[in-house]
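**Student:** Please work from the sequences and hints to get the whole structure.
What follows is the residue order along each chain.
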Amino acid sequence: MTPLPPLSASDLPPAICLFALLLIPLAVAGLAFVNAGLSRSRSAAHTMMAALCVVGVAAVAYFITGFAWQGYPGLPSHTLVVYGKEWSWLGAGRYFLGGLPLEGSTVSLAALSQLLSVGLAAMIPLGAAGERWRLRACCLSTALLAGFTYPLFAHWVWGGGWLARLGASYGVGLGFLDVGGSATIQVVGGLTAMSLAWLLGPRRGKYNLEGMPAALPGHNIVLVLFGCILALVGWMGLNAAGAILFAGVLPGRVVLVGINTLLSAGAALLAALGITRLRFGKPDASLCANGWVSGLAASSAGCAFVPPAAALLIGLVVGALVTYTVAWLEAQWGLDDPAGAISVHAFGGIWGILAVGLFPRAAATAMAHTGIPPAVIPSGQMLAQIIGVATLVGFVLPLTYSLNWLLNRICPQRIPPEEERQGADLYELGAGAYPEFMTHTDEFTQW
Amino acid sequence: MGMKITGLLLMPAGWFIELAALVLLRNFSVQCAFSAAGIGVEILGLVLLARSHRGARRESE
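Protein chains in written order, with the numbering used here: chain A, 22 to 468; chain B, 1276 to 1336.
None of the hints are false.
Result set (SDA-like, lysine to any residue): computed pairs, CA atoms no more than 20 Å apart in a straight line:
1. 1279/B - 430/A
2. 106/A - 1301/B
3. 106/A - 1300/B
4. 1279/B - 424/A
5. 106/A - 1294/B
6. 227/A - 1332/B
7. 1279/B - 426/A
8. 227/A - 62/A
9. 106/A - 94/A
Which residues of chain B face chain A? A few of them, derived with a C-beta cut under 8 Å, are:
10. 1286
11. 1289
12. 1293
13. 1307
14. 1310
15. 1313
16. 1317
17. 1325
18. 1328
19. 1329
20. 1332
Just some of the chain A residues that point at chain B, by a computed CB distance under 10 Å:
21. 353
22. 415
23. 418
24. 419
25. 422
In short, the hints are calculated from the structure, not lab data. Glycine is no exception: its CB is placed at the ideal position from the N, C-alpha and C atoms.
**Tutor:** Here it is, written out as structure tokens:
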């Protein structure tokens, strides 16, 4: 048997990148488990089935139009000229990945990474809309997200669009920085989740006549916590691949990316654990899981730039934030979000984006190869990050809300109330997730 | 319905303030002030949208 030739230095970045990319489905699986575990048993099979559909539909929709509209730096794009400055607003590639050499080039790796990441973004709304979202509507809404909303914003950040070029065009820091997708994946998914939670309304029995929310606990916390561990592995791949492909950092920095991702998640968990222990007397496992995932979501934006101590701080803040926003959104904004997806991904992601602006010199050092003089960087990085957040809230949220509102008019997205009482499993799939475990209320009331 | 539409329109309005500040202004501190104003308008829109949904839910109950 002829021995394989040793890997050369030029082969190393694609090899590391490919390995990292192939971990991303674990993040998707992790979120699916979190969503399923936090839903009630009568809708558990429906939630997992919807998760599978979401991944498939997202990949197909992204394959058809997504990468063509997202593009990649150096590929053709549609531009506007505003006051003498070019604004690249949409990729102008070919549909169906046409003309893309799929042989391990950077562009082809970016296409693969996005085919996997868009499934992660589409998984987030499922957490907020769980137990009452029709499967057909879920697929159509996912197609809109993966085929249009996601690629549009991702072009602005990762495809050489106007947000990424804020630094070069207007001298605003290094431009909007988002290494692993705190904005493009987490906040875009989180804001879509928010739109759907509003449009679908709360689950039956969630609010009483006075508008006070009731606790509807998930059916399997073990599944939720297992999902958190899977998500960590997937997130390391997501952040590492993003750092190499979209921030252009050297492959050696993958070590820092891994450390920062883990520290942020761990610190967020500890913060959530401490706060729930103080508030309720015992740690709340579901809020701790939310804290863990929010730490991952917040870590993505700056994982390749910030020092480990900063990642720890980012995690501590987001873990504390999430324990309050989950209850606040439920009580004050009337948002019924079974998996806490809005707090975790939208709020956690926004904090992660803004945190990059707090450590501009670290970003400047890491991005020294871009040729921007470090002296001009610190002054504007926070402004660049704020403009990115403003774009998410001011453009992406109204867009995704309007698209889902329109879809709701054409194809009602909510399961009818009577069928919701039986559970989405019986109504949509014709069978429950746990047919051998029948619960009869009278068995309990007799005792 | 009016509150919902107002909320939905205020959010892009805030975003346009951000973009206008970026394109038209040169002074960094003035840019920051306009950006803060843009964010404020967006938050106002978000709050209105949230209140419109909460109000609609109470009416349906």
